[in-house]
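Asker: These protein sequence lines map, in sequence, to chains D and W.
Count the first sequence with this note's numbering and you get residues 1 to 114, in order.
Count the second sequence with this note's numbering and you get residues 1 to 112, in order.
These are calculated hints, taken from the structure and not from any lab test.
Be a bit skeptical, because a hint or two may be false.
[Claimed, not checked] With a cut-off of at most 30 Å between alpha-carbon atoms, the simulated DSS-like pairs for lysine-lysine come out as follows: (1) W:K107 x D:K83; (2) W:K107 x D:K18; (3) W:K107 x D:K9.
[Said to hold, decoys possible] Facing chain W, according to a computed beta carbon distance under 8 Å, are these residues of chain D, among others: (4) Y22; (5) A24; (6) F33; (7) N41; (8) E42; (9) S48; (10) N51; (11) F55; (12) G59; (13) D86; (14) A98; (15) Y104; (16) P107.
[Unchecked claim] From the derived model, a few chain W residues whose C-beta atoms are all more than 12 Å from chain D: (17) E15; (18) A19; (19) N22; (20) N31; (21) Q37; (22) L61; (23) T67; (24) S68; (25) D92; (26) I109; (27) K111.
Predicted model, so just to flag it, every value in this text is computed and none were measured.
Virtual Cβ for every residue (Gly too), placed ideally from N, Cα, C.
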Amino acid sequence: GEEVAQTPKHLVRGEGQKAKLYCAPIKGHSYVFWYQQVLKNEFKFLISFQNENVFDETGMPKERFSAKCLPNSPCSLEIQATKLEDSAVYFCASSQWAGEETQYFGPGTRLLVL
Amino acid sequence: SQQGEEDPQALSIQEGENATMNCSYKTSINNLQWYRQNSGRGLVHLILIRSNEREKHSGRLRVTLDTSKKSSSLLITASRAADTASYFCATDPLDSNYQLIWGAGTKLIIKP
Chain D
1 GEEVAQTPKH LVRGEGQKAK LYCAPIKGHS YVFWYQQVLK NEFKFLISFQ NENVFDETGM
61 PKERFSAKCL PNSPCSLEIQ ATKLEDSAVY FCASSQWAGE ETQYFGPGTR LLVL
Chain W
1 SQQGEEDPQA LSIQEGENAT MNCSYKTSIN NLQWYRQNSG RGLVHLILIR SNEREKHSGR
61 LRVTLDTSKK SSSLLITASR AADTASYFCA TDPLDSNYQL IWGAGTKLII KP
């Protein structure tokens, strides 16, 4: 598609439950990035993919967060055993190449952990 | 870690006036990008300026980059009510594997 698509738009989970977020990058884009925005403040980088391979995962909390980008499927970000502090808007972005390239963002998934 | 710092944190001006937002960063970069985030909505990419560029224009937007001072400015001319939003700068540092590092944003309010 011509836009980055993210689903669901909103997600509410009880503390300890699992949350799974999806992202379909723009067709033809090789790079996918996940960012977390807490309370409308700055964005924190989580992980990036080059096609289905993890490119950079230095921002990922090691224990409860995982992500995948499989061929012919939307990319996914999964949070096991959610905590209150995971409440945030999770944005996915894609770019055709890396370096000197605009990253195009999806509308985000707003996760609320109660 | 936060790379960009933006000022002011909030800016309120009358419609028709110009708005200037500044961004400072800490490390050498490949490029710097400005994004707009409307309330409740996603991010809209505004402009990308490369490290070897000093100024770039797009419609009513003018971005400058001073790599010696590690700073950038975004000027919106003839502001409109629809420009009300938060504006973020994001840098692509040289050694970052292309992850964008973000400032905290400037909240711009345009009064009719």
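Asker: Hints first: check each against the structure and report whether it holds.
Answerer: Here's how the hints hold up against the structure:
Distance check on the hinted pair: W:K107 and D:K83 sit about 29 Å apart at the alpha-carbon level, within 30 Å; holds. Under the criterion of a C-alpha separation no larger than 30 Å, the hint pairing W:K107 with D:K18 is inconsistent with the structure, at around 33 Å. Taking the CA atoms of W:K107 and D:K9, the gap is about 23 Å. The hint holds against a cut of 30 Å. Taking 8 Å as the C-beta contact cut-off toward chain W, the hint placing D:Y22 at the interface is violated, the least distance being around 15 Å.
Annotation: D:A24 was flagged as interfacial toward chain W, and the flag is violated, the nearest CB pair being 14 Å apart, outside 8 Å. Taking 8 Å as the C-beta contact cut-off toward chain W, the hint placing D:F33 at the interface holds, the least distance being around 7 Å. The criterion of a C-beta within 8 Å of any C-beta in chain W is met by D:N41, whose closest approach is roughly 6 Å, and the hint holds. Checking D:E42 against chain W by beta carbon gives a least distance of about 5 Å; that is within 8 Å, so the hint holds.
Here the hint on D:S48 is kept, as its CB sits about 6 Å from the closest CB of chain W, short of 8 Å. Because the closest C-beta pair between D:N51 and chain W is about 14 Å apart, greater than 8 Å, the hint is violated. Checking D:F55 against chain W by beta carbon gives a least distance of about 6 Å; that is within 8 Å, so the hint holds. With 8 Å as the threshold, the beta carbon of D:G59 comes within range of chain W, its nearest partner Cβ sitting at about 7 Å, so the hint holds.
Restraint check, D:D86 versus chain W: the minimum CB separation of about 19 Å is more than 8 Å; hint violated. Contact between D:A98 and chain W, as hinted, is supported at the beta carbon level, the nearest pair being about 4 Å apart and thus within 8 Å. Because the closest C-beta pair between D:Y104 and chain W is about 6 Å apart, less than 8 Å, the hint holds. A cut of 8 Å between beta carbons decides the hint on D:P107: the least distance to chain W is about 4 Å, and the hint holds.
The non-interface label for W:E15 is consistent with chain D: the shortest C-beta to C-beta separation is roughly 23 Å, beyond 12 Å. At roughly 19 Å from the closest C-beta of chain D, the C-beta of W:A19 stays outside 12 Å, upholding its exclusion from the interface. The Cβ of W:N22 sits about 16 Å from the closest Cβ of chain D, beyond the 12 Å cut-off, so the non-interface label holds. Not every beta carbon of chain D lies more than 12 Å from that of W:N31, the smallest distance being close to 5 Å; the non-interface claim is violated.
For W:Q37, the condition that its CB be more than 12 Å from all CB atoms of chain D is violated, with the nearest at approximately 8 Å. Under the 12 Å C-beta cut-off, the non-interface status given to W:L61 relative to chain D holds; the minimum distance is some 14 Å. Taking the minimum C-beta to C-beta distance to chain D, about 14 Å, the non-interface status of W:T67 holds against the 12 Å cut. Annotated as non-interface, W:S68 keeps its C-beta farther than 12 Å from every C-beta of chain D; the closest such distance is 20 Å.
Against the 12 Å criterion, W:D92 falls within the reach of chain D, whose nearest CB is about 7 Å from its own CB. With a cut of 12 Å on Cβ distances, W:I109 stays outside the contact zone with chain D, its closest approach being about 14 Å. Annotated as non-interface, W:K111 keeps its C-beta farther than 12 Å from every C-beta of chain D; the closest such distance is 21 Å.
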